[in-house]
Amino acid sequence: MATQQTRALGRLAVAPSVIALFMWMIVPLAMTIYFSFLRYSLLDPNYACSVLHPGQLFDEANRCLAGFSNYKYFLTDPAFFRAMGNSLKLVGWVLAISVVGGTLLALLLDQAFYGRGIVRIMMIAPFLVMPTVSALVWKNMMMNPVSGFLAYLFKLVGLQPIDWFAHYPLTAIVIMVAWQWVPFATLILLTSLQSLDEEQKEAAEMDGTPPLSYFWYIVLPHLLRPMTVVILIETIFLLNVFAEVYVTGTGGTAGNLPFLVYQYGLIANDIGGASAGGIIAVILANIVAFFLMRMIGKNLEA
Amino acid sequence: MGTISLIKARKAFGDAIIIPGADLEINDGEFVVFVGPSGCGKSTLLRLIAGLEDLTSGEIRIDGKDVTNVAPAKRGLSMVFQSYALYPHMSVRNNIGFGLKMAGLPKAEINAKVAKAAATLNLTEYLDRKPRQLSGGQRQRVAIGRAIVRQPEGFLFDEPLSNLDAALRVNMRIEIMQLHQDLGATMIYVTHDQVEAMTMADRIVVLNRGNIEQVGTPMELYNHPDTLFVAGFIGSPKMNLVENNTLGIRPEHISLSDNKGDWPGTVMLSEHLGSDTFLHIDAGARGRLTVRAPGENTLGPGSAVWMTPEKSRLHRFDANGRAIHT
Amino acid sequence: MARAISTKRKLIVTVLAWAIGFVIFFPILWTILTSFKMERDAIALPPIFLFFDWTTENYGIVQERSNYFQFAMNSIVLAVGSTFFALVLAIPSAWAMAFAPGKWTKDLLMWMLSTKMMPPVGALIPLYLIFRDFGLLDTRGGIITVLMLLNLPILIWMLYTYFKEIPGEILEASRMDGASLGKELLYVLAPMAIPGIASTVLLNIILAWNEAFWTLSLTTKSAAPLTQFIASYSSPEGLFWAKLSAASTMAIAPILVLGWFAQKQLVRGLTFGAVK
Chain A
0 MATQQTRALG RLAVAPSVIA LFMWMIVPLA MTIYFSFLRY SLLDPNYACS
50 VLHPGQLFDE ANRCLAGFSN YKYFLTDPAF FRAMGNSLKL VGWVLAISVV
100 GGTLLALLLD QAFYGRGIVR IMMIAPFLVM PTVSALVWKN MMMNPVSGFL
150 AYLFKLVGLQ PIDWFAHYPL TAIVIMVAWQ WVPFATLILL TSLQSLDEEQ
200 KEAAEMDGTP PLSYFWYIVL PHLLRPMTVV ILIETIFLLN VFAEVYVTGT
250 GGTAGNLPFL VYQYGLIAND IGGASAGGII AVILANIVAF FLMRMIGKNL
300 EA
Chain B
0 MGTISLIKAR KAFGDAIIIP GADLEINDGE FVVFVGPSGC GKSTLLRLIA
50 GLEDLTSGEI RIDGKDVTNV APAKRGLSMV FQSYALYPHM SVRNNIGFGL
100 KMAGLPKAEI NAKVAKAAAT LNLTEYLDRK PRQLSGGQRQ RVAIGRAIVR
150 QPEGFLFDEP LSNLDAALRV NMRIEIMQLH QDLGATMIYV THDQVEAMTM
200 ADRIVVLNRG NIEQVGTPME LYNHPDTLFV AGFIGSPKMN LVENNTLGIR
250 PEHISLSDNK GDWPGTVMLS EHLGSDTFLH IDAGARGRLT VRAPGENTLG
300 PGSAVWMTPE KSRLHRFDAN GRAIHT
Chain C
0 MARAISTKRK LIVTVLAWAI GFVIFFPILW TILTSFKMER DAIALPPIFL
50 FFDWTTENYG IVQERSNYFQ FAMNSIVLAV GSTFFALVLA IPSAWAMAFA
100 PGKWTKDLLM WMLSTKMMPP VGALIPLYLI FRDFGLLDTR GGIITVLMLL
150 NLPILIWMLY TYFKEIPGEI LEASRMDGAS LGKELLYVLA PMAIPGIAST
200 VLLNIILAWN EAFWTLSLTT KSAAPLTQFI ASYSSPEGLF WAKLSAASTM
250 AIAPILVLGW FAQKQLVRGL TFGAVK
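Residue numbers (numbering that gives the first Met the number 0), protein chains in the order written: chain A, 0 to 301; chain B, 0 to 325; chain C, 0 to 275.
So here's chain A without its partners, still in its complex pose:
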């Protein structure tokens, strides 16, 4: 459909976006890689490079090069293992909860019942809440061991209320984050469910298929594709969970990888260390992105 002139114009029209995104990707990444190999801390007076501006660093490279010591330091920090473990646990648990929960909720919302529109909004709402608000509301009004609502429920059934943040901080974070992402999974799975061919349902009925088999052999395979998308996209976002940890002050115990990098960088001001940590996070994310891009690529054809 495109003629010569429109094609040339097309190339011109994409140029600004391409340039902008390229700079956005490459410049910070390149700098992070560079810093990760430098001894560069904004605070420690023992490091000779601490007073230099990033520009000057390029001149003083020889003096400030630290080889892989930043990586070693970051990777052998006990906080790293804990953070990595927390990152993976957080992602794993939230994925499990949101996929299973999302599927069940989607199946429920697919049924006919009264007030479907309103219930749908109620179930989607958590995803629209700012993560900082979600974190504080949960920490204070839901999970406070004395006056929180969960404490009230526990006492109602005769159980001792749990001090979530003192004893189970990661669990608390998982609950908060899952609360926000189950609606996302529900929305996606519901959309896909509603695209299930009506005629397939009728054919299954003609065949006398019992509901459980219908679900297992027809619905589940159909949902497998959106489930994969949900898993991959959630993983990308979940690896980067930050606000909840930051705002609830659980960085010490339940901190994940992003928070650790933030700690190194903006709190301890160890630029070199933080950069190394950042690169490790990037590598982790690339592995996930590889699979996601393959999945999306297939769908761009569809």
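Do not rely on the hints blindly, as some may be mistaken.
[Said to hold, decoys possible] Within a straight-line C-alpha distance of at most 27 Å, the following computed DSSO-like cross-link-like pairs (lysine-lysine) qualify: (1) C/Lys182 x A/Lys200; (2) C/Lys182 x B/Lys73; (3) B/Lys100 x C/Lys182.
Simulated from the structure, these hints should not be mistaken for lab results.
With the hints as your guide, set chains B and C onto chain A.
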């Protein structure tokens, strides 16, 4: 005034050669139909003439002027699209008048011309409606109105009737032919339906896989097809081919008898249309033949028949599928 | 479905669905309710549901004490600003990819989407340092730039899918009618693309409004949006639940409303079209 010529027109999309090379002369005021199976390149050829696609090589001339690199709007042609391509957010009036607006005509003149075109097409009461409020046939007419209001040198129709139901199709066919008589403009009409081609065309261009197989009047193509392809494409039901595709005879040119004739056979199936009966006959070594019998024919499955082809209506083809004209 | 579903079954499902919906929505509901309580009622045991003295004093106090409106203004400016600038880049790009595609189109789109997958922490340090050295920390302009680049791939992607749904033949018809490229875009494409652009704007406003990582890292006071505003409530200063609730309600209310209208857009934008 509206002569269109294609000189060695070639179109390739990357490595795929859609049109290897086409030469064609269309005379002023002619109604030419491009016909052929799906993928034969007829729409591509039309779009090349319109200027919506660029030629890979070759020339297009309109009235002797080389328009190969001229923008569609400046070629003096109008096009009616298969999907009508009406502007959904504009009223019928603005749809029809859009081209005139682009040409910078004063509002009063635009309104006058639009009113006239609408009157011709019985659209006057719909002028202020939006396309989504119209039926298929009405949208079709708006598309035609949009085309005629610019008074172009030539009209291009890209399968305009495919989206209509059978009855409407017949009516619109007649309306378009009437339009041609009234306007006298050159019209190029693309279709895959050989009935439309036969009934509407002054001349037919039969296309197969990007190649022009034959150009001629409907009767020329019917009586003297140049190739096996044309022979099989024109005429419904298809021409019977026997003796390893070297001998052809049309179903309507075979007479039947229950006791004597050239070719024996057994009736497998009969189709009763009321005005005709089509008998599908198993002729043994000669394969399956279709024969048209006038009116109601009572021969049923299993009946033995004798078929006699009209000698003057036999078509002979060589090993390459080309007709051997005697 | 042409057959009637038994009313009994419908009622059972209704009760179940409403119950679960209520449980999920509860924290939000509780927050909104608490915002109208006086502080002592907010922490009362057992919790009071509806029968308390309703007051709007919290909203007033929050505004007074922490100047909600400044933060809200920032949220609005950041969301609208980044959306506007992103559209300036995204619309031509999406147009080019949808209507003047080449062999590069698909790969380019994939690459753009992949930039969204880079973890923000990977860029945190350099961006922080660059912002610091160029005086961009805590400026609206700085954050608008970041938010714009962050969401640009999603915007381009969404506009691309909406543009692709516009039948190409209609644009060709306008070309046959004599429209130059500019007129084609103005008179034909733009009106048909408005719904798609509106949807995309809606999605981006939601994404920008809720963005927490960069707004928390790169702002402190003057450019701080509502994400930062709420974060400031994380250090407890005595009884403050009612005020926290009021602040929270004010922070999330606009998006809850917008989100209601934007469900389809959320699916389209956040799954990169992999789910239809």
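Each hint tested on the structure:
1. The hinted pair formed by C/Lys182 and A/Lys200 fails the criterion: a straight-line CA distance of about 48 Å is larger than 27 Å.
2. Taking the CA atoms of C/Lys182 and B/Lys73, the gap is near 15 Å; set against the 27 Å cutoff, the hint holds.
3. Taking the CA atoms of B/Lys100 and C/Lys182, the gap is about 11 Å. The hint holds against a cut of 27 Å.
Hint compliance for this structure: hint 1 alone is broken.
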